[in-house]
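In the order they appear, the protein sequences are chains U and B. 135 is the number that this note's numbering gives to position 135 of the first sequence; each next residue is one higher, with no gaps. Position in the second sequence counted from 1, then plus 265, gives you this note's numbering.
It should be emphasised that the hints constitute simulated quantities derived from the structure, not laboratory data. Any given hint could be a false lead.
[Said to hold, decoys possible] Simulated DEER-style distance windows between Cβ atoms: (1) 222/U to 279/B: 51 to 57 Å; (2) 464/B to 75/U: 20 to 26 Å; (3) 75/U to 334/B: 17 to 23 Å; (4) 54/U to 425/B: 23 to 29 Å; (5) 347/B to 76/U: 42 to 48 Å; (6) 508/B to 208/U: 23 to 29 Å; (7) 321/B to 204/U: 40 to 46 Å; (8) 354/B to 208/U: 38 to 44 Å; (9) 340/B to 139/U: 22 to 28 Å; (10) 516/B to 152/U: 23 to 29 Å.
Predicted model, so just to flag it, every value in this text is computed and none were measured. Built from N, CA and C at the ideal position, the CB exists for glycine as well.
So you can see what is in the structure, the chains are spelled out below.
2 protein chains.
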Amino acid sequence: MNSKAAQDNRSEALVAESLSHIRIVLINTTHPGNIGATARAMKVMGLKSLHLVTPKLFPCAEATARASGADDLLQHAVVHNSLDAALAGCSLVLGTSARLRSLPMPQLDVRMAAERALAEGRPEASGAQDVAVLFGRERYGLTNDEMQRCNQLVHIDTNPEYGSLNLAQAVQVVAYELRMKAIGGAGVELTPPDWVPVDAGQMERLFVHLEETLLQIEFLNPDQPKRLMMRLRRLFNRARPDQNEINILRGILAASQRAAKKREH
Amino acid sequence: MNSKAAQDNRSEALVAESLSHIRIVLINTTHPGNIGATARAMKVMGLKSLHLVTPKLFPCAEATARASGADDLLQHAVVHNSLDAALAGCSLVLGTSARLRSLPMPQLDVRMAAERALAEGRPEASGAQDVAVLFGRERYGLTNDEMQRCNQLVHIDTNPEYGSLNLAQAVQVVAYELRMKAIGGAGVELTPPDWVPVDAGQMERLFVHLEETLLQIEFLNPDQPKRLMMRLRRLFNRARPDQNEINILRGILAASQRAAKKREH
Chain U
1 MNSKAAQDNR SEALVAESLS HIRIVLINTT HPGNIGATAR AMKVMGLKSL
51 HLVTPKLFPC AEATARASGA DDLLQHAVVH NSLDAALAGC SLVLGTSARL
101 RSLPMPQLDV RMAAERALAE GRPEASGAQD VAVLFGRERY GLTNDEMQRC
151 NQLVHIDTNP EYGSLNLAQA VQVVAYELRM KAIGGAGVEL TPPDWVPVDA
201 GQMERLFVHL EETLLQIEFL NPDQPKRLMM RLRRLFNRAR PDQNEINILR
251 GILAASQRAA KKREH
Chain B
266 MNSKAAQDNR SEALVAESLS HIRIVLINTT HPGNIGATAR AMKVMGLKSL
316 HLVTPKLFPC AEATARASGA DDLLQHAVVH NSLDAALAGC SLVLGTSARL
366 RSLPMPQLDV RMAAERALAE GRPEASGAQD VAVLFGRERY GLTNDEMQRC
416 NQLVHIDTNP EYGSLNLAQA VQVVAYELRM KAIGGAGVEL TPPDWVPVDA
466 GQMERLFVHL EETLLQIEFL NPDQPKRLMM RLRRLFNRAR PDQNEINILR
516 GILAASQRAA KKREH
């Protein structure tokens, strides 16, 4: 294993650790395929702990098939006879639900729910236990009684004209936000590994060379170079060429100068 | 309709409007069911504009079945013979990909990509066109050529030991972040007032002209033009030149060609 892969594994171990106290709890799931799809949605985001309350049919070949490589999560899934049993050892219970009109309760969006879930159990000495995230039946969601076991309800904002996220999609979105919180992804742009940043002085030398060349090939008007150079500076400053790219650009300028010079002979 | 529902519809109209310039582009999809599942993942988050480049099998009953109430998106989906055709009218092209090790390009996480996508077209007078978000084949993702049509690549962070998000799941996560940005509505980067966005076809013509010129001034090795052109494409795609800047760059290329041509006399 090369060192980058080893580094990835160490980082992933940390991510998995920070997500390890979070249980995905499916209540009374009708279609075993959805249990498999849930396992897949969880594993891809680094979640491991699947709990099932009175699933209609489990274990089941269809669940294993839909899990597609995430069946280790199915093998370790805990099956309970009651929600009480599934919540033993949990100090925070979040219930996913469509927006309620008849019985309004405080609701979090997924992003804030993820923040609360990750924060539970920090610091470890606080003695906090697991976090349970509840998902109800495919057709009916959670019952009123089940909602009343929740500290907070979690709402995934959807198109009110067509709001039906299926179970695995809802788990996917929640699992994604949990992972985003765990990795600290605040919306970043990742630099490529071969990036060689340049000193501002290099950019100046590039612009000097560029202006020289543009004069030589008679593109720039020597009496009025400023406006065009300003626009070109804006373009290349925005592009943020790295060292390799600057070398290429200056090579192009030099070749252009050579090709033009030959004319003078 | 009660007043809360009416309010929801007005708010949703605003959300849908702010997402309406975003196209989900699926390239060469193998399984029609995934096209249906994509339509569903889109509609639930308020996206409408589905574009398909040479899908293996479409229209298809399986796509309609998996769309589950979102088949209006399938009916309005646009099928193209080429990626060029799908990108006509787009001024920003984002490509989803697993992390690249062999050919690094700048990558955004989904949250930042959503920010850029929503910001394109603000303010409306800027004339920016549609945003295309590209998804590749189920097994192989996007080809290198397709990635080179992208201004930026988008990476969904996943468990390195089990990173395989299926196509519909990837679309779901991206659609979710786009909606989150649309309903949040704060902190976007505004385009400068003199910005004149360009169609993706213009970028292609620039690269053709650039390659011609680099061959002519003997900078490019005619037997091995690809690697260097790839790097230059990466630089200029990232820079996102507007119409004025493209005009300047092509003027420079023309001047360089003239200066070199004179040598031949």
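Okay, the hints, checked on the actual structure:
In this structure the hint that residue 222/U and residue 279/B lie 51 to 57 Å apart at CB holds, the actual value being about 53 Å. Judged by the Cβ atoms, the range 20 to 26 Å given for residue 464/B and residue 75/U is violated: they are separated by roughly 52 Å. Evaluation of the 17 to 23 Å hint for residue 75/U and residue 334/B yields a failure: the beta carbon distance comes to about 34 Å. Taking 23 to 29 Å as the suggested C-beta distance range, the pair residue 54/U and residue 425/B does not conform, at roughly 35 Å.
Restraint check, residue 347/B to residue 76/U: a C-beta distance of roughly 47 Å satisfies the suggested window 42 to 48 Å. For residue 508/B and residue 208/U, the hinted distance range of 23 to 29 Å is satisfied, since their beta carbons lie about 27 Å from each other. Distance hint check for residue 321/B and residue 204/U: the Cβ-Cβ separation is about 52 Å, which falls outside the suggested range of 40 to 46 Å. For residue 354/B paired with residue 208/U, a C-beta distance near 39 Å keeps the hint of 38 to 44 Å intact.
Distance hint check for residue 340/B and residue 139/U: the Cβ-Cβ separation is about 26 Å, which falls inside the suggested range of 22 to 28 Å. In this structure the hint that residue 516/B and residue 152/U lie 23 to 29 Å apart at CB is violated, the actual value being about 60 Å.
Violated hints, listed in ascending order, are 2, 3, 4, 7 and 10; each of the other numbered hints is respected by the structure.
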